[in-house]
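There are 2 protein chains.
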Amino acid sequence: MDKRPIGVFDSGVGGLTAVLELHKILPGEDIIYFGDTARVPYGTRSRETVCKYATQIVHFLASQKVKAMVVACGTISTNLSGAEITSAAPNIPHITLVDPSVQAALAATRTGRIGVMATPATIRTNTFNNCIAKSMPQAEVLGVACPLLVPLVENGMTNFENQITRLTLEMYLQPLRDFGVDTLILGCTHYPLLLNIVGDMMPGVTLIDSGACAARATKQALEQGNLLSKNQTGSTIYYMTDTINNFASVAKKFLFEDIEDQCHHILIEELDNF
Amino acid sequence: MDKRPIGVFDSGVGGLTAVLELHKILPGEDIIYFGDTARVPYGTRSRETVCKYATQIVHFLASQKVKAMVVACGTISTNLSGAEITSAAPNIPHITLVDPSVQAALAATRTGRIGVMATPATIRTNTFNNCIAKSMPQAEVLGVACPLLVPLVENGMTNFENQITRLTLEMYLQPLRDFGVDTLILGCTHYPLLLNIVGDMMPGVTLIDSGACAARATKQALEQGNLLSKNQTGSTIYYMTDTINNFASVAKKFLFEDIEDQCHHILIEELDNF
Chain A
79 MDKRPIGVFD
89 SGVGGLTAVL
99 ELHKILPGED
109 IIYFGDTARV
119 PYGTRSRETV
129 CKYATQIVHF
139 LASQKVKAMV
149 VACGTISTNL
159 SGAEITSAAP
169 NIPHITLVDP
179 SVQAALAATR
189 TGRIGVMATP
199 ATIRTNTFNN
209 CIAKSMPQAE
219 VLGVACPLLV
229 PLVENGMTNF
239 ENQITRLTLE
249 MYLQPLRDFG
259 VDTLILGCTH
269 YPLLLNIVGD
279 MMPGVTLIDS
289 GACAARATKQ
299 ALEQGNLLSK
309 NQTGSTIYYM
319 TDTINNFASV
329 AKKFLFEDIE
339 DQCHHILIEE
349 LDNF
Chain B
79 MDKRPIGVFD
89 SGVGGLTAVL
99 ELHKILPGED
109 IIYFGDTARV
119 PYGTRSRETV
129 CKYATQIVHF
139 LASQKVKAMV
149 VACGTISTNL
159 SGAEITSAAP
169 NIPHITLVDP
179 SVQAALAATR
189 TGRIGVMATP
199 ATIRTNTFNN
209 CIAKSMPQAE
219 VLGVACPLLV
229 PLVENGMTNF
239 ENQITRLTLE
249 MYLQPLRDFG
259 VDTLILGCTH
269 YPLLLNIVGD
279 MMPGVTLIDS
289 GACAARATKQ
299 ALEQGNLLSK
309 NQTGSTIYYM
319 TDTINNFASV
329 AKKFLFEDIE
339 DQCHHILIEE
349 LDNF
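Protein sequence lines correspond, in order, to chains A and B. Read in order, the letters of the first sequence correspond to residues 79 to 352 in the numbering used here. Read in order, the letters of the second sequence correspond to residues 79 to 352 in the numbering used here.
Hints may be right or wrong, so weigh each one.
[Said to hold, decoys possible] Quick list of in silico lysine-lysine cross-link-like pairs, BS3-like style, CA-CA up to 30 Å:
(1) A:Lys331 / B:Lys212
(2) A:Lys130 / B:Lys130
(3) A:Lys130 / B:Lys331
Source of the hints: derived by calculation from the structure; they are not laboratory data.
Extracted from the complex, chain A is given alone in its bound form (with noise of 0.2 Å):
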């Protein structure tokens, strides 16, 4: 039984989808969410850029004693090691997107032709491609850049007619349509809230939501290293490094509750002291 908070981490809001598997699945855990807005999106910059704000939200958590940390952002999953994760936070276990999300496409395709959808600054590492070669080599794999998605998603523009939304999506579906994928990973966390609207522009294809994946995998790690909480509820900070109501109003939209209570903004400069 251990009772330390779990850590979840993303460039901003997306992952949030995570959090909201979690309070599902692990409701007992407490959960600090740490969401970089004062410096969102990371999709479309550089990997030096993005592993740097990345490995200060890892110092910043590893202080925080959390006893798993999840990697809730498809950008930062692909673009910060694996080696770099653990040299910043040392003997602490992490859940990336890719892993989870990568065994439930293997494990539900049938026909080996898996699509992608993330942002730029993940298609561009096809850490995808190769997580999947490794475990099905003649899978088939199109990676599909999608970088309007973000914005789309932080504008609320999520609603299930919505047109721009549509017309934006049908932009980058074609060609994975096109491909005959029959399985397709939302490789970014902001995607699940576009769920509805993918699945109908896709019928027959399976959409894999790789925040609830590394969710579930958080689980299975913390029951498998005998980490679990057993507390009957557990509470969850969030902190952002713009002011709390941004965050807050758009957090409603992922988690369907007011959290502004729970919120703490931190200054990037202040990340530096952990």
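Please arrange chain B on chain A, whose structure you already have, making use of the hints.
Leaving out everything else, chain B in the frame of chain A:
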């Protein structure tokens, strides 16, 4: 005659629309451009964060001994006050987007119904409305926050027939059309790349390019202050906080030339040394 460079800055690449105009009307001037590409966009962040970032840039440009500063960013122009800029860079004249584009709009309007398209952070301040009211109290002004336009421009969705961009613009332009504006300020330096599309969708409406207005106001200020360089040809240096590649490839869309050789990467943490 004053050979010192002109400083021009923006959260990212948008301010290059002002540089393009400066190159045309002041070809003999040296220019130092600063784009904070590791932290763009500013237009969806809080005032506190915008001002903190922008003040670092003002300090940097002051250290480069510029003779004038062009705030070629609508969000900075409307969130950082003139007093804050002067305090960070004493004795250096500065030109924001606001006054020059408001003067142009007041000269153009026949009906006194003026529209402003800008980022959420700009619209929130009411700066354009207040500035118009000072000179023309009877004017009726409608500001529309357009959070998706910067991502569209940064991702190159600027071709005349682009249906996603047109549908997005329709959402922002409809209330301006209903309001009956005869003059529309593009209050963000990214938007001139959409000038042709907006013009096509708003026939009969005078469009005000705020970056170009700021550039012309800069020429006037240098003439009045006897600060022109009188060189035949000036050179431009570009600083950016993320890597050079990204910047140079997007900059090509703004400047129609390859500027990679004139680019210098500067780390955010180095900014605090100036």
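How the hints compare with the structure:
Proposed proximity of Lys331 of chain A and Lys212 of chain B is contradicted: the alpha carbons are some 39 Å apart, above 30 Å. A distance of roughly 20 Å separates the Cα atoms of Lys130 of chain A and Lys130 of chain B; the hinted pair therefore holds under the 30 Å criterion. Our distance criterion of 30 Å between C-alpha atoms is met by Lys130 of chain A and Lys331 of chain B, whose separation comes to about 28 Å.
Taken one by one, the earlier hints fail for this structure only at number 1.
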